[in-house]
Each structure stands twice: as structure tokens, then as C-alpha cells.
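2 protein chains.
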Amino acid sequence: MTTKLIVIYDQPENAAAFFKHYEQVHSPLVKKTPGLQRLVLNRIAGDIFGGAAPYIAIAEMDYPDRETFDAAMKSSENQAVGKDLMSFAKGKVKVLIAQSDE
Amino acid sequence: MTTKLIVIYDQPENAAAFFKHYEQVHSPLVKKTPGLQRLVLNRIAGDIFGGAAPYIAIAEMDYPDRETFDAAMKSSENQAVGKDLMSFAKGKVKVLIAQSDE
Chain A
1 MTTKLIVIYD QPENAAAFFK HYEQVHSPLV KKTPGLQRLV LNRIAGDIFG
51 GAAPYIAIAE MDYPDRETFD AAMKSSENQA VGKDLMSFAK GKVKVLIAQS
101 DE
Chain B
1 MTTKLIVIYD QPENAAAFFK HYEQVHSPLV KKTPGLQRLV LNRIAGDIFG
51 GAAPYIAIAE MDYPDRETFD AAMKSSENQA VGKDLMSFAK GKVKVLIAQS
101 DE
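If you're matching them up, the sequences are chains A and B in order.
By the numbering used here, the letter at position 88 of the first sequence is numbered 88, and the numbering carries on one by one without gaps.
By the numbering used here, the letter at position 97 of the second sequence is numbered 97, and the numbering carries on one by one without gaps.
Any given hint might turn out to be false.
Since the list gives no way to pick out one identical chain from another, each pair is judged satisfied if it fits inside one copy or across any two copies.
Calculated lysine-lysine pairs in the DSSO-like style (CA-CA distance at most 30 angstroms, straight line) [as the list claims (entries may be wrong)]:
#	residue 1	residue 2
1	74	20
2	92	74
3	94	20
4	20	32
5	94	31
6	32	90
7	31	74
8	92	31
Since the hints were made in silico from the structure, they are not lab data.
All of these numbers come straight from a predicted model, not from anything done at the bench.
Construct the complete structure from the given sequences, taking the supplied hints into account.
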């Protein structure tokens, strides 16, 4: 059963700066975490009912099982990810653990 | 570019009843929407920092492009999906449109 880290980003002050940092700095760090199978950034385009969306993006990082996930979270590579996350999204992010049957 | 419907479910009063309804009633309705490529239910296991997670699950419905997505949203099959959603998650759900480069 796939274990995922799901990161939900609140709307930032500057969307262009957010995506630039995510793509140029954050994403390359995430891709170094051991055991990562898949990284997807879902860019939120809006609310289905036409209102403003509370979030700008939802990122998913897939690991093949909980053991690999736990090892990745404890890795030095992930410490760099966490440090970078706090540099651009502190107080504006939810970091959740999820399981899916993918 | 994949267009997704991302549905974020708040914690329900009864988690077991929520998952039973989702799997036995809601998921089969979603799978009837025209053009659907993929349906995934991510079950939230917790917050990475050890706290309680605000959400019980995040569902993703993938369509191959925005045109197919828009047609699916307008379909009679999706009207049944929306009606069912309101029967078990009214006021406890965010329904967002997203784009990903998957």
C-alpha cells in the first residue's frame, strides 16, 4: 500500500514566487529523498462552485510502503527538504501522511 | 495536462460509516462519469508533526484534459455524484479543480 506525504499549501502572498521557488529549489530537494517513487504538484485552479480556493497547490510524494516512507522522513536529505519548506511556507502549510491503494 | 477534481473531506462524525458509504455508494457513482481516467482515495493517517489531521481523506479524479473534465462535470452521471456527495458530506467538504503535469 502506497504511503504518501501530502503537502497542502495555503495561498501565498506571491504565487509566481511560490511556484518559482517550488520548482527551482524545493522540488529538486524532494527528489533526492531515498525511496521516492513519484512526486506530483497539483496546481489548484479554483473551487468547483466558482469561489476562491483556499489553497494554491497540493503536492504528493509517494513511497512504496510505510517502512520506506519512515526511513525517508528520517533521512538527511529530508532534513534539507524540511528546512527549505520552512523557508518559504512556514505557517502556511499542512503536512499529512496518507495511505492509498494505488 | 491532466485536469483533476480534488475533494477534501473534513473529519466526519463516524469514520467507519464515511468509508463504507464512500466505497459502496459514492465511488461506484464517480466511476460512471464520462472520461474518468483514474480515481484515488487517499486516506489521511495523521499529521507529520504528530497532531490530529483536519481531514479524513482526499479523493482525486483525473480527466485527460479540461474539455473532458468540463463535459464530465455537466453530465447526468455527475449530477448523481453531486447529489450523493451532499447526502453524506454537506458542509464538510472542499471541491477543487486542479491541474497537474502527470
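Right, here's what the structure says about each hint:
no.: 1; hint: 74 x 20; verdict: within (27 angstroms within a copy, 34 angstroms between copies)
no.: 2; hint: 92 x 74; verdict: within (22 angstroms within a copy, 33 angstroms between copies)
no.: 3; hint: 94 x 20; verdict: both (20 angstroms within a copy, 26 angstroms between copies)
no.: 4; hint: 20 x 32; verdict: within (19 angstroms within a copy, 38 angstroms between copies)
no.: 5; hint: 94 x 31; verdict: both (19 angstroms within a copy, 29 angstroms between copies)
no.: 6; hint: 32 x 90; verdict: within (21 angstroms within a copy, 40 angstroms between copies)
no.: 7; hint: 31 x 74; verdict: within (15 angstroms within a copy, 38 angstroms between copies)
no.: 8; hint: 92 x 31; verdict: within (22 angstroms within a copy, 33 angstroms between copies)
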